[in-house]
Amino acid sequence: MAMEKTFNASEAEPRLTKMWEEAGAFRAGANRSRDESFTIMIPPPNVTGALHVGHAFNNTLQDILIRWHRMRGFDTLWQPGQDHAGIATQMQVEKMLAATQQPKRTELGRQKFLEKVWEWKGEYGGTIVGQLKRLGCSCDWERNAFTMAGAEGDPGIGHENSANFHDAVIKVFVEMYEQGLIYRGKRLVNWDPHFETAISDLEVENIETPGHMWHFKYPLAGGATYTYVEKDEDGNVTLTEERDYISIATTRPETMLGDGAVAVHPDDTRYAPIVGKLCEIPVGPKEHRRLIPIITDEYPDMAFGSGAVKITGAHDFNDYEVAKRGGIPMYRLMDTKGAMRADGVPYGEASALAQAHANGAEFTEQSVEEINLVPDDLRGLDRFEARKRVVDQITSEGLAVMTTVETKDDEGEVNTQIVPYVENKPIMQPFGDRSKVVIEPMLTDQWFVDAAKVVDPALEAVRSGEIKIMPESGEKTYYHWLENIEPWCISRQLWWGHQIPVWYLPGEDDWLPICAATEAEALEIAKSRFVDGMSFRIVENAQEAAEVLQATINEMDTQDEGTIRTFEAPQVIPMFRDPDVLDTWFSSGLWPIGTLGWPEDTDEMKRYFPTDVLITGQDILFFWVARMIMMQKAVVKQAPFHTVYLHQLVRDEKGKKMSKTTGNVIDPLEIVDEFGADALRFTNAQMAALGGVLKLSKQKITGYRNFTTKLWNAARFAEMHEAIGSDGSLPTATATANKWIIGETGKVREVVDAALEAYRFNDAANALYAFVWGKVCDWYVEFSKPLLMDADEATKAETRAVMAWVIDQCVVLLHPIMPFITEELWGTLGERQKILAHTDWPTYGTDLVDENADSEMNWVIGLIEEVRSVRAQMHVPAGAKVEVVVRNMGDAARAAFEGNEALIKKLARIEVLTEVDDFPKGTAALGITGAEFGLPLADIIDVDAEKARLEKSLGKLAKEIGGMKGRLGNPKFVASAPDEVVEETRANLAEREEEESLMKAALTRLAEI
RNA sequence: GGGCGAUUAGCUCAGCGGUAGAGCACUUCGUUGACAUCGAAGGGGUCACAAGUUCGAACCUUGUAUCGCCCA
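Numbering (the working numbering), first residue to last: 52 to 1060.
Hint data in this document are derived by calculation from the structure and do not stem from the laboratory.
Where hints are given, some of them may not hold.
Unchecked claim - In silico DSS-like links for lysine-lysine, alpha-carbon gap of 27 angstroms or less:
hint: 1; residue 1: K237; residue 2: K388
hint: 2; residue 1: K1023; residue 2: K1010
hint: 3; residue 1: K1003; residue 2: K1023
hint: 4; residue 1: K705; residue 2: K487
hint: 5; residue 1: K707; residue 2: K749
hint: 6; residue 1: K751; residue 2: K711
hint: 7; residue 1: K487; residue 2: K388
hint: 8; residue 1: K657; residue 2: K519
hint: 9; residue 1: K956; residue 2: K847
hint: 10; residue 1: K761; residue 2: K708
hint: 11; residue 1: K688; residue 2: K657
hint: 12; residue 1: K751; residue 2: K527
hint: 13; residue 1: K527; residue 2: K504
hint: 14; residue 1: K972; residue 2: K998
hint: 15; residue 1: K222; residue 2: K578
hint: 16; residue 1: K932; residue 2: K957
hint: 17; residue 1: K836; residue 2: K746
hint: 18; residue 1: K761; residue 2: K885
hint: 19; residue 1: K761; residue 2: K957
hint: 20; residue 1: K708; residue 2: K476
hint: 21; residue 1: K957; residue 2: K836
hint: 22; residue 1: K56; residue 2: K749
hint: 23; residue 1: K957; residue 2: K826
hint: 24; residue 1: K504; residue 2: K222
hint: 25; residue 1: K167; residue 2: K487
hint: 26; residue 1: K711; residue 2: K746
hint: 27; residue 1: K1051; residue 2: K998
hint: 28; residue 1: K836; residue 2: K761
hint: 29; residue 1: K56; residue 2: K751
hint: 30; residue 1: K972; residue 2: K956
hint: 31; residue 1: K746; residue 2: K761
hint: 32; residue 1: K1051; residue 2: K1010
hint: 33; residue 1: K956; residue 2: K836
hint: 34; residue 1: K1051; residue 2: K972
hint: 35; residue 1: K885; residue 2: K56
hint: 36; residue 1: K761; residue 2: K751
hint: 37; residue 1: K761; residue 2: K956
Bear in mind the structure is a predicted one, so any value in this text is a computation, not a measurement.
Please work from the sequences and hints to get the whole structure.
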């Protein structure tokens, strides 16, 4: 039955996927024939995720490596799975609840809500798995893992065989806590007011946004004045002014309420007279205005704004550092939603307390935390509304810095106006990468990994070469980040995630934390800390615990107050678990060991860990890669992989980021529908130059879809001529064309392996493209036609065997990149022992090259091309068969011509070759070595065109010859260049000179016409 | 401001010491025994600029310009 004209991808892909799955083709260790393992951990996509072009690219590369190793007999595992994506999933489920008119998260309560999340995960969490399968990803899907597997309430749907990730995460937390690598503290963190949780600094996007810079006057205390002097670069005084204020610029006026100081640079002479004095925050009720000190710090930039900076330690990262250095109190102004605080005592009292701090009273973290410095009229307002009011209040009081502007009225009259000095300018504003709201630096209690303590082994792993990051620039970035690493905030105020395994008991003046893997263990520890006979009650939260404690105390009050602190009497001790969950990246950081069943000593751990290669986007080098290295080093003391391959973001054809708002998003599944998965995969491989920019266009994909059709049709040609059914053994060849293509196959196998070995996917893809299209289709298939149809039976049989073998090799070598069409052809073209995915990868190489056949065929190809070129340029009708004349034919040329006469004549459309002593008039010469060939075109030759053609060739030759002669004439070149380079140049020169003399002779003859 | 990178044919990019390459686009021709999702032929480049190292530089070094990305 004849094959269809094109490959029907949409029909074949699901069928082949099913076949592979039923055959268990991708199970760990499938097709293994050697001991070495090869393991790739998939970068776990979000469980909420849908396949985008980045996934498609990234997973194509992984699949290429995996399939290549599997065919080579490695014990291969491609471990799939998803992460639980704390914020994203919680957001997704909340949306779903709203859309289906179900109670809100807060109405449901934590436990009920988590049930809904698990339900949702069971229903939609598998989306991306199905999509990766459509791409042809050969993961061991039965092992699909999940970062929340084994957590409370896990029904195990979609990750039935996943290792218990939860236990691993908790164990690591407990161990790191015990080693002092994890601690809790009040620090300034990025706060997302929409999700009401801390987020990591990596989850913040700084985006340039139009903003305003306001300039305000902070009056000096008690009406003091000073002489403000400005000088230019040369020290000349440009401005002298008596001032009773210091000018401050800010983009966030609402934070003025929490100012603890004004800082100036120690070298700033303008403010030297007032350093150490107090100034007044120009906002809030007049009678309660706070005075804050003017301090010096290296941080203020003298050239920026007024050079003086207000210090709001609780709401700005730079200020936080200044405040820490200067012992300045940090007053929190906002609540978890980003609204101005409404708690605590009235403003008048709070302000007085803060004033006491400024005047030098002792303060503690806790006493500062309790002070709400938001004036009563601003309490509870959204931060942006509060900003407006603060600006209005200051301006109306006349404390805004003023400037003059000129405006033209309708009649063109210029009016000068004095207005508040507000600069409209772009400012870098932090946005939550999920919520898209403005992130607020906020002083809160959080859990941190003391990254500085675990960073050294991770740095050393890369420095020593134990881990190689590709491209190399990634290593520099890695060092730079790790050498300046900040504590990693790992707590999130969410419900969906691994809840922090810490329980709290009443302590001396705060809650006392107990870290343990389970509540039972925590209780045991708790009991050991108290005298016997105490009874413990697990309660929901701190508030409930406080109530229980209060009740206990009340009861004790009636008995004997003195026993409260010693707990001598039997009493109820409340205990509650930390409500926070761990950052998703904390669990993802354990992906390499967690998926393999650690901490159990599993067979998989032994076989597949450490893994081999990690392929991921360079945007998550810090998020994930560096943290994985740190954590694996900290936990199992081993590097999780030996190679990290980083790639860039996949962009559109113009290099723009794909985004819904720009409307330039390419959906990989639509591409698969339209062009087939193989075309997309080949495009991905082809553009995967190390460190390269990835620009995806439909045009490119179309091109590689055409390539699949090309391959299909070459196979179809073979099938039509019964040149199929190779058993894989190397056929014996006598015909030069057959010997030649076998050698070419050997060459390309080596190139492909070398390219894949070096992670140069583009080189592998390009080499195969050039081989299949440029060698097999353009030449070998054409050469084979006269051999298959007109030659003797022996040659026919030989050519059929070689053709069958060559097409099979194309299919085998292309399989890692284009699994579907190749598996399909494999099944179509013969009865096979094994499926293609399990077929042995060839090991032959350039040993298959027959040097004589190689040079002979290159000569033949050159001759054919030259005849075609001259024909085209002399406007010989394409269909016409021509006579070719030859003289002075050398032995090699004669042998080459005679040995391949049929195919030369056919491909160059030559009627007859005549040996002559002299070329007839009007013969166009061919630039071929070894013999003088010519096309007698007396009747139709265009003398001027031919002259132009020859002169052009001569020009090119002269340039080349000149260059080579110049080099060979330089004694230093001959002396210092490698011998083979010199030899090559000499040989090349000789050939070019031979061509040149032919062309010159032809030109002379032409002059005779 | 700091770090990392880029600049090669109209476009997208390989090449990173030894004769400037590919794909696409373009021009001309083609109903040739698999393929028009095709075939044949052709045009097109001071390899951003400047200085240096070298027998030899697109490639190494240093500077300049322009453009990206990441972090402040």
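Hint-by-hint comparison with the structure:
1. K237 - K388: 18 angstroms, holds
2. K1023 - K1010: Holds, at about 21 angstroms.
3. K1003 - K1023: 32 angstroms, violated
4. K705 - K487: Holds. K705 to K487 sits at ~26 angstroms (cutoff 27 angstroms).
5. K707 - K749: 15 angstroms, holds
6. K751 - K711: 22 angstroms, holds
7. K487 - K388: 14 angstroms, holds
8. K657 - K519: Holds, because 22 angstroms separates the two Cα atoms, which is no more than 27 angstroms.
9. K956 - K847: 18 angstroms, holds
10. K761 - K708: 32 angstroms, violated
11. K688 - K657: Judged against 27 angstroms, a Cα distance of about 15 angstroms means the pair holds.
12. K751 - K527: Cα-Cα ~33 angstroms, so violated.
13. K527 - K504: 20 angstroms, holds
14. K972 - K998: 14 angstroms, holds
15. K222 - K578: 21 angstroms, holds
16. K932 - K957: 9 angstroms, holds
17. K836 - K746: The hint is violated at about 39 angstroms.
18. K761 - K885: Between K761 and K885 the Cα gap is close to 25 angstroms, so the pair holds against 27 angstroms.
19. K761 - K957: Answer holds: K761 to K957 is near 22 angstroms, not above 27 angstroms.
20. K708 - K476: The given pair, whose Cα atoms are some 25 angstroms apart, holds under the 27 angstroms limit.
21. K957 - K836: 9 angstroms, holds
22. K56 - K749: 22 angstroms, holds
23. K957 - K826: 17 angstroms, holds
24. K504 - K222: Since the Cα atoms of K504 and K222 sit roughly 19 angstroms apart, the hinted pair holds (cutoff 27 angstroms).
25. K167 - K487: 25 angstroms, holds
26. K711 - K746: 17 angstroms, holds
27. K1051 - K998: 10 angstroms, holds
28. K836 - K761: 17 angstroms, holds
29. K56 - K751: Answer holds: K56 to K751 is near 22 angstroms, not above 27 angstroms.
30. K972 - K956: 23 angstroms, holds
31. K746 - K761: 24 angstroms, holds
32. K1051 - K1010: It holds: about 15 angstroms lies between the C-alpha atoms, which stays within 27 angstroms.
33. K956 - K836: 12 angstroms, holds
34. K1051 - K972: 15 angstroms, holds
35. K885 - K56: Judged against 27 angstroms, a Cα distance of about 26 angstroms means the pair holds.
36. K761 - K751: Holds. K761 to K751 sits at ~15 angstroms (cutoff 27 angstroms).
37. K761 - K956: 25 angstroms, holds
Hint compliance for this structure: hints 3, 10, 12 and 17 are broken, all remaining hints hold.
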